[in-house]
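Just so you know, the sequences run in chain order A, B and C. Residue numbering for the first sequence follows the working numbering, beginning at 154 and increasing consecutively. Residue numbering for the second sequence follows the working numbering, beginning at 0 and increasing consecutively. Residue numbering for the third sequence follows the working numbering, beginning at 28 and increasing consecutively.
Simulated from the structure, these hints should not be mistaken for lab results. Any given hint could be a false lead.
[Said to hold, decoys possible] Here are the simulated DSS-like pairs of lysine-lysine, each with C-alpha atoms no more than 25 angstroms apart in a straight line:
1. C/226 x B/141
2. C/51 x B/141
3. A/286 x A/356
4. A/290 x A/356
[To be verified] Quick list of the computed label-pair ranges, beta carbon to beta carbon:
5. B/25 x A/277: 54 to 62 angstroms
6. A/299 x C/83: 52 to 60 angstroms
7. C/206 x B/27: 36 to 44 angstroms
8. C/135 x A/413: 25 to 33 angstroms
[Stated by the list, open to error] Which residues of chain C face chain A? A few of them, derived with a C-beta cut under 10 angstroms, are:
9. 50
10. 51
11. 55
12. 58
13. 188
14. 197
15. 198
16. 200
17. 211
18. 259
19. 260
Note that CB positions come from ideal geometry on N, CA and C, so glycine has one too.
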Amino acid sequence: MSHSGRCILEVRNVVKVFPPRPGRTDALLAIQDLSFTVGEGEFLTLVGPSGAGKSTLLNIIAQIDTPSAGEIWFQGRPIATAFGNALRPGWDCQIGYVTQDDNLLPWRNLLDNVLFPLRVQRRLSAESVERAKMLLKATGLEGFERYYPHELSGGMRKRASLIRTLVYDPPVILMDEPFGAVDAQTRSQLQADLLRLWNLGRKTIVFVTHDIAEAVALADRTLVLTRAPAGLAGEHLIEIPRPRDLGNIYTLRGFAELYERIRRQIQ
Amino acid sequence: MIRAKLVLDRLLILICAVATWQVCSFVFGPQWFSTPWITGGRFIASLLDGEILHHAQFTLAAAAAGFLVGGLPGMLLPFALRRSPALTAMLDPYLIGGYGVPKLAVAPLFILWFGIGLGSKIALVASIVFFLMYFNAAAGVKAVSIQLLDMARIAGASEADMARHIIWPCASPYILAGIRISAPYAIGAAVVGELISSNQGLGYLIQAAAMDFNVTAVFAALIGLTVLVVGINWILDRTERWLLRWRRTEATRVRRFRAAA
Amino acid sequence: MNEAVTARPIKISERGWGGGSRRKVTLGRILFGIGCLAIWQWAHARLGTEWIAGPAEILGRAAELARTGELWVHVWVTFGEALLGFLIGGSAGVLLPFLLRLSPRLTRALDPYLAAAMGVPKLSLAPLLILWFGIGLMSKVVFVGALVFFLLFFNGLAGVQSVDSRLVSMARVAGGREWVITREIVWHTALPFIFAGLKVALPRAISAAVVGEFIAAEAGLGYYINNARSMADTVGIFTGVVLVTALVIVVNGALELVQARSLAWRPVDRDMVV
């Protein structure tokens, strides 16, 4: 495995079983013995079919949920185990999480939503506000600071939720199909925005998607997950040089072949 | 395991409540608080000798008659007005205004007009239930999907077909909700009418006992009233769920708490 | 070509009334109102003052009461009872759901008791409270307080329980503590429910004060109405009812203003209480 840096996050033999509920007799095995590592500053994408337990995995890493077995290691320490103590969502703001839904607070305007983490972490300063405004400007949200979420388009809300996590600068950011529910055009715009923002700071990103093209276009490395219970089906280093031009990435040599190989692994 | 713990918790709360009651009657004297045991005995005794049933019947009759007199027209009016939006818009402010009038304050007028018997209670219940049913049924009529109506018309449905197959199924959840919401109000209104002036009914029973400084009898009557309302709520809830079994049930729990009397 | 297609008028007769009939509706409303007044006046003339008091008589009586100062005494007593009870019962009813949220176990255990408590027609407690607290101000304040408490409590509980767990997770990941979540997310989610509760509770607080006064009191609009009834003073009953209605309308208007300001973030004003 070639990482761009030392290992920052490690998933060790993680298993997740959902216990049977009334109306659903069988226990559901969502993740089966999954292990992988993430290097510092790496852009890792996880690609797999819908319902493959990808969101469950990110929930476990973000400490919103516990694993049934296995461990999550972060910066050389185990942070989640099956018998672990109380959950600490976000691990003291070290792990950011951009969820599938934008989860903006409907009663706060765009700027207040973006500043929300800084405010609750008591890190609000002229400097951090400046940084937030810079990020808003970089993604074309300037001028919409006072708008409420329901007055913004889907793409703008996605960008806002992305910036909300970037602005407090966690070392690792998890992204769960952040561009799932937007139209194709907005989507490629958002992807370009994300790569540009990532180039500014080179955070470690774990990005989950079911879109193979997106997984390849963004990543340093792509892991292919199987249908539930999720397990590892393949690993691919993406050696397309950066900065990438997402406009013609699909026509690059090797892209189609890689796409086809991943598609076959998923099935 | 979890279930048993829940039952235990609930039992514990019940014991705490009864114990608090007992302590209160020790501290303040049983003439003010009665005691759980005496009240329970009194409730069962008056249930057995038919006193509570007699008065509950009167209250129930007032509520049911008021429901028919007020609720039925209130329910049908939005359907009659469905095809004439201009008329609806015209009547709207008056209906909203009528809804806002504190009907309970009008009770003395009803007593003046209809006497202290059943008539005044029916009028009071009807005046409250009419507006509740009207606004729920109106919401139901508004919920009828125009696309479905267009589809049916294109498919060659007659007005009667559309009423039966589209308008009723769309509106019925709202109407049933209206009935369920109105029921406790109907009984409450009947009781208030009886509190103010009556010679029968649970409200009369409560008021008469209170005039006698007989707290035990007040509590017994209140228990009877609560059982009546909870029982009716339960029956309506079941009926509604059975009638609407074709619907996905979401947020029924939230709705239950919302219909606070 | 395209423009020709979009410019075609759409038939809207089934879907609502166009701009042209707006004036007709306003005219209809005014005529309907005049018609109602006319029927009232006719019934008054036909049946006599002892059954139906006329509009003019009511206005005259209200003016007279205002002149002697009796009006303000009764309005003030009823309003004071309603307001005090509203503040006491209301703050308890708003606060308690937030405290209950901290213990899901207790909430679940209380469930059947809450359902039963909802079933008690609160208005029937009036005689008992008068027995306990006397015929003065206190019994009405407690009565109004109990009524408002239950209304707001159940609405608040529904609001607190409808919190979006995804927003809570998001706030936790972003570093928010329990206090932040309560203030930032639970409070804002519950606020529309609380306002819906307030909107229902405020007029009911006045009604409850009046009902309490019907049963036993020494002053207040309910006392005035009931007193008029026992003296067969129909004009007095009508005047009292009109005054109570006016009080309710004024109070509702005031609440409407407050609500419009604090829920500005909401896309549309959905009614939370039927």
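Non-conforming hints, listed in increasing numerical order
8, 9, 10, 11, 12, 13, 18, 19
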